[in-house]
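Construct the complete structure from the given sequences, taking the supplied hints into account.
Chains as they are written, first to last, in the numbering used here: chain A, 1 to 317; chain B, 1 to 308.
Please note: incorrect hints may appear among the correct ones.
[Stated by the list, open to error] Dumping the calculated DSS-like pairs for lysine-lysine here, alpha-carbon to alpha-carbon at most 30 Å: (1) A:Lys210 / B:Lys49; (2) A:Lys311 / B:Lys49; (3) B:Lys147 / A:Lys311; (4) B:Lys147 / B:Lys49; (5) A:Lys311 / B:Lys125; (6) B:Lys185 / B:Lys163; (7) B:Lys125 / B:Lys163; (8) A:Lys311 / B:Lys189; (9) B:Lys125 / A:Lys210; (10) A:Lys311 / B:Lys185; (11) B:Lys185 / A:Lys128.
Treat the hints as calculated values from the structure; they're not laboratory data.
Residues per chain, in single letters:
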Amino acid sequence: MTRAESTAAGGVAAGSVSLRRPRPRYGEAVIRGALFAAALLSVATTVGIVVALIVPTVEFFAEVSVLDFLTGTEWAPLFARPKFGVLPLLVGTLVVTVVALIVAIPLGLGAATFLSEYATDRVRRVLKPVLEVLAGIPTVVYGFFALTFVTPLLQDIWLFGDPPEGFNALSAGIVMGIMIVPTVASLSEDAMSAVPADLKAGGYALGSSKRQVATRVTFPAALSGIVAAIVLAISRAVGETMIVLVAAGGTPNLSADPREAMQTMTAFIGAAGIGDQPVGSIGYKTIFAVGSLLFVITLVMNAVSIRLVRKFREVYE
Amino acid sequence: MDNSPSADDAPTSADAPQPAATGSGLADPALHLDTPTRAGRREIPEQPKDPVMLLRDVAVYYGGFRAVKDVNLDFGRREITALIGPSGCGKSTVLRCLNRMNDLVRGARVAGSITYHDQDLYGPKVDPIVVRRSIGMVFQKPNPFPKSIYDNIAYGPRVTGMKPGSMDELVEQALRGAALWDEVKDKLKQNAYSLSGGQQQRLCIARCIAVNPDVILMDEPCSALDPIATARIEDLMIELADRYTIIIVTHNMQQAARVADRTAFFTAEADATTGERTGLLVEYDRTGAMFHNPRDRRTEDYISGRFG
Chain A
1 MTRAESTAAG GVAAGSVSLR RPRPRYGEAV IRGALFAAAL LSVATTVGIV
51 VALIVPTVEF FAEVSVLDFL TGTEWAPLFA RPKFGVLPLL VGTLVVTVVA
101 LIVAIPLGLG AATFLSEYAT DRVRRVLKPV LEVLAGIPTV VYGFFALTFV
151 TPLLQDIWLF GDPPEGFNAL SAGIVMGIMI VPTVASLSED AMSAVPADLK
201 AGGYALGSSK RQVATRVTFP AALSGIVAAI VLAISRAVGE TMIVLVAAGG
251 TPNLSADPRE AMQTMTAFIG AAGIGDQPVG SIGYKTIFAV GSLLFVITLV
301 MNAVSIRLVR KFREVYE
Chain B
1 MDNSPSADDA PTSADAPQPA ATGSGLADPA LHLDTPTRAG RREIPEQPKD
51 PVMLLRDVAV YYGGFRAVKD VNLDFGRREI TALIGPSGCG KSTVLRCLNR
101 MNDLVRGARV AGSITYHDQD LYGPKVDPIV VRRSIGMVFQ KPNPFPKSIY
151 DNIAYGPRVT GMKPGSMDEL VEQALRGAAL WDEVKDKLKQ NAYSLSGGQQ
201 QRLCIARCIA VNPDVILMDE PCSALDPIAT ARIEDLMIEL ADRYTIIIVT
251 HNMQQAARVA DRTAFFTAEA DATTGERTGL LVEYDRTGAM FHNPRDRRTE
301 DYISGRFG
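Set out below in structure tokens:
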């Protein structure tokens, strides 16, 4: 202020020019406050969730030892003689997620490569929104699609050994993979399209084929975006509840055979949450313990992937 | 290295004022008499002997738009040919036709004939990927891959399936060829983007010569560089012309005068009825002759700075 005034005084007759604000801008302050509140609210919600998770989880581990929880092979927390070994749920989650990723990564990256490297503008303009519609289908619909279409289909066409059971991890995983394809494809395509045309032209000018440019120039340059897409896909698969609840069955089962029925961590939370668990009961606390484990797994995975991306990505400019 | 005087020229050319993009040009063409040119240093036949490429009545279309027409050129073997002219005259368009980079632009079409070593470059059985292996390209803005310096050079040999006895040796030779080896030999594993702009451009030239091309196309290779880096690239071009045929697009007439054996001048003219601007070749001659005695009025106007 002082500086502005002195400058004005120096140039023009003193006092004839005012550079002061004519009146306070209250609107600015209100908007600033509102926006800050919006930002704060989301942070506060996250903190609230963590706190809400921690309290019952701590109470849970007062009754059950952490070691029993993490290494026990039997999960029956709501029985008269409860067992709190979380491994069956963990393995169930792992099996379904792996199946989903086996479906989603090749399909998603294939679709992304096609859209960014091969498709004409017109095809891309039509195909990308259609693909993204897949992401808008409610997951319960996917669940019933898995249960009433994919499982019977798998049972009909199964070639080796026993066909999958009526409830099984395989069909839930496959359908979950299909659900995730748009996430992988869309985000990877964004990353690949963001690779400068200059770089691709450099590849072509050295006598590369389209495939070589896609795999050796575009793909490595877009790697950080692609890994981010895959991490988001994993998080969605680990956190997905409805499909597994409907199609994978409700029996905790320590097995790596995707043809069998399994319960995932999320499916347990969903199923137990529907039942009547008196607040403060061990069954109630169990839900939060499993929820905390889910939270920690996702957090660790994100942290690891951020490090991986930093290490392997190719930075241009 | 055979052109040792060029190293001495570097400070001169670096200090010389660079004309603006569309050539505010030189007030007096006679200025060029003082600039030692490659053309002045060696004998250039009146017509290119043993031409590598022949362009006959070439026109290029983007969809329905004719970007350039009536191009007839012979590119001499191991000569440096400069394509000059104002913006929009089609010089870069013509250059990109020579290794079929225009194939990558949707709707681009070439009429007339481009012959490369007696083969029709646009013949039905010609594979553009194979074409680009013998006709390399250096771009306006340095575009190294976001990989290590080593991998940038090794990329071409790898994708083209070359089986060098030693990749390390090939990388070293390419970098030496582009006068970059001494600056980078201790940091081959570093990312190419850690280099300066001029070094990046020389890396791109090294990457190009690593696949042992026959012709090198350069699309305004110095336009993103400072005068000192420009001088080094120009020296390099003159060295490379002992082994490669070089065709360079430049908007810098002094650059053409300094490095090119022959120069082709393009301009753009509006169609009388549609008003559509189409580029065309005005004059093609030995660089010295073109700058001292232009035959066409339009060339004279451009190089003397009356138009552009």
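Status of the hints after comparison with the structure:
1. With a C-alpha separation of about 36 Å, the suggested pairing of Lys210 of chain A with Lys49 of chain B is violated against the 30 Å cut-off.
2. Distance restraint check for Lys311 of chain A and Lys49 of chain B: the Cα-Cα separation of roughly 53 Å exceeds the 30 Å cut-off, and the hinted pair is therefore not satisfied.
3. Restraint check for Lys147 of chain B and Lys311 of chain A: satisfied, since their Cα atoms lie roughly 13 Å apart, inside the 30 Å limit.
4. Between Lys147 of chain B and Lys49 of chain B the alpha-carbon distance is near 41 Å, which puts this suggested pair outside the 30 Å criterion.
5. In summary, the hint linking Lys311 of chain A to Lys125 of chain B is not supported, as the alpha carbons are separated by about 44 Å, beyond the 30 Å threshold.
6. A threshold of 30 Å between alpha carbons decides the hint, and for Lys185 of chain B with Lys163 of chain B the separation of about 22 Å falls inside it, so the pair holds.
7. Of the supplied pair hints, the one linking Lys125 of chain B and Lys163 of chain B holds, its CA atoms being roughly 26 Å apart against a limit of 30 Å.
8. Distance restraint check for Lys311 of chain A and Lys189 of chain B: the Cα-Cα separation of roughly 14 Å lies within the 30 Å cut-off, and the hinted pair is therefore satisfied.
9. Between Lys125 of chain B and Lys210 of chain A, the direct Cα distance comes to roughly 18 Å. Compliance with the 30 Å bound is thereby established for this hinted pair.
10. For the given pair, Lys311 of chain A sits about 24 Å from Lys185 of chain B by alpha-carbon distance, which is consistent with the 30 Å threshold.
11. The hinted pair formed by Lys185 of chain B and Lys128 of chain A fails the criterion: a straight-line CA distance of about 46 Å is larger than 30 Å.
The structure fails hints 1, 2, 4, 5 and 11 (numbered hints given earlier, in ascending order).
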